[in-house]
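Novice: As you go down the protein sequences, you meet chains C and A in turn.
Per this note's numbering, the very first residue in the first sequence carries number 917; after that it's consecutive.
Per this note's numbering, the very first residue in the second sequence carries number 1349; after that it's consecutive.
Among these hints, one or two may not hold up.
DMTMM-like mimics (lysine to aspartate or glutamate), calculated; alpha carbons at most 20 Å apart, straight line [as the list claims (entries may be wrong)]: (1) C:K1067 <-> A:E1560; (2) A:K1720 <-> C:D943; (3) C:K930 <-> A:D1717; (4) C:K1065 <-> A:D1543; (5) C:K1068 <-> A:E1374; (6) A:K1512 <-> A:D1543; (7) A:K1638 <-> A:D1543.
Everything labelled a hint here was simulated from the structure, so no lab data went into it.
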Amino acid sequence: MRNELLEIIQHNSKITTVDLAALLNSDEETIAQEITACEKEKIICGYHTLINWDKTNRDKVTALIEVQVTPQRGQGFDKIAERIYRFKEVTAVYLMSGGFDFTVIIEGKTIKEVALFVGQKLAPLESVNSTATHFVLKKYKDYGFILEKTKKDERMAVTP
Amino acid sequence: MKDYLSKHAKVIPPSGIRKFFDIVSEMEDAISLGVGEPDFDTPWHIREEGIYSLEKGKTFYTSNSGMLELRQEIALYLNRKFNLDYDFKSEILVTVGGSEGIDLAFRALINPGDEVLIPEPSFVSYKPCAYLAGAKVVPIPLKEENNFRLTAQELETYITEKSKIIVLPFPNNPTGAVMEKEDLESISKIILKHDLIVLSDEIYAELTYGREHVSIATIDGMRERTIIINGFSKAYSMTGWRMGYAVGPSEVIHLMTKIHQYGIMCTPTTSQYAAIEALKNGDSDIGYMKRAYNQRRRFVLDSLGKMGLRCFEPLGAFYVFPSIQKTGLSSEDFAKQLLLEQKVAVVPGTAFGESGEGFIRCSYAYSIDDLKIALERIEAFVN
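Let the hints inform the model, and build the full structure from the sequences given.
Specialist: Laid out in structure tokens, this is it:
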């Protein structure tokens, strides 16, 4: 049941325990306990709302930065990753296979702000060898949701 | 001008569903639970394959029976999923939806006066298609107390010397009933005893909950007397592609292919390419949709229970078939008044046969949000 529960709330964290109980053929108490357990085990790490900031009047710039580093002896990549992910501007850090080591996603108000962060904070880090910054121009789909389109039911109202 | 229309065609009653469609389509903000098709879009990789086939210029007829590769994939699929063994060269015919397969099977099997046994409530096409093929239709009313399964006793009651075909519509539209292995074994004895042919409509075979679908063709002695109808509409959410298939003994598939060849030629080529992709890479899509249906099924059953509408637990398809007898209304009045007062469309059970009286069909092929609103309105109506 746990995976099915997680699958549902991954797409709708607003859903009530009453509804979850009905969907999963369980009772509210069990559902609530399961959610608490997942929170404690850090399986559920937080509750995020997907916002399309382009539709608001707030300026927001997202950049994806490829970072090459030199792993430190005895500490591997984790220590460097921590140096990077602790900056509040950084919203995601992934260790990658292939041509570079980290994907770092950064959000800022302006391109300048992001560029300054990369130039002044990220690139100068001792273990960082190089960075390549790519700015996001438009988001079409994020976290599995298509941002623009609302789906219309195209079916005929009554069919056999 | 004299009356030039076929008397035979004229006597077929129009589908009981049509009436509601006309009212709903003129009503603003009505919510419909009346749809007999999935709400998911056809998975993109399947659609993409159809588009790609058009780009490559695959716009010509295919062989009458359907592309060889498609029939091969169907054979593999039936074996993988239902432990069925059919020769793709002689025992599979690709049809325009399951519906064409039903029509062809009747036309290939029926001689004037043959009787076709049709358990009801069931899908609206069997009766008229059997009738048009020259059969006498014998409905077998199924009972809620048997969870709308067909029992050996019920079957035997309706058999005469002229009985030829028994239609087996499970998992069932509209009730959601399934037939489990033991049920099939017990009716198989009667089928053998009376030398009947089985037309097993297994279009909802992928949509069973908590148990796997069992095809009657896997029961001893049944394969050589069974024609299975299946297709892509429900499993892969591909209703508009009109892709189905019939499998069975080569002599009957041969005859069906002959009729299909003159009436249809072949199914749309684009749809065939998409269907190949569905069979090759669509298993996970089915899993995903099935999980969603199952959640909705539980949700709807839970809500119906809370509002006090009795409903047996449907274990297949995507319908619930609650009893509305406690309201004192007929199925049709219930559906009409619900639509006019609360703007929710459901289909009266009687649209699927007289034994559907006292029940309504609600589809749960809708988002939870829509289901919630619809069920709240039904509750307001009932109480």
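Novice: Does each hint fit the structure? Answer for all of them.
Specialist: Hints versus structure:
1. C:K1067 <-> A:E1560: The given pair, whose Cα atoms are some 32 Å apart, is violated under the 20 Å limit.
2. A:K1720 <-> C:D943: Distance of about 18 Å is within 20 Å: holds.
3. C:K930 <-> A:D1717: Within the cut-off at roughly 12 Å; holds.
4. C:K1065 <-> A:D1543: violated (56 Å)
5. C:K1068 <-> A:E1374: Holds, at about 17 Å.
6. A:K1512 <-> A:D1543: holds (8 Å)
7. A:K1638 <-> A:D1543: Not satisfied, since the Cα-Cα distance of roughly 36 Å exceeds 20 Å.
In terms of the numbered hints stated before, the structure departs from hints 1, 4, 7, listed from lowest to highest.
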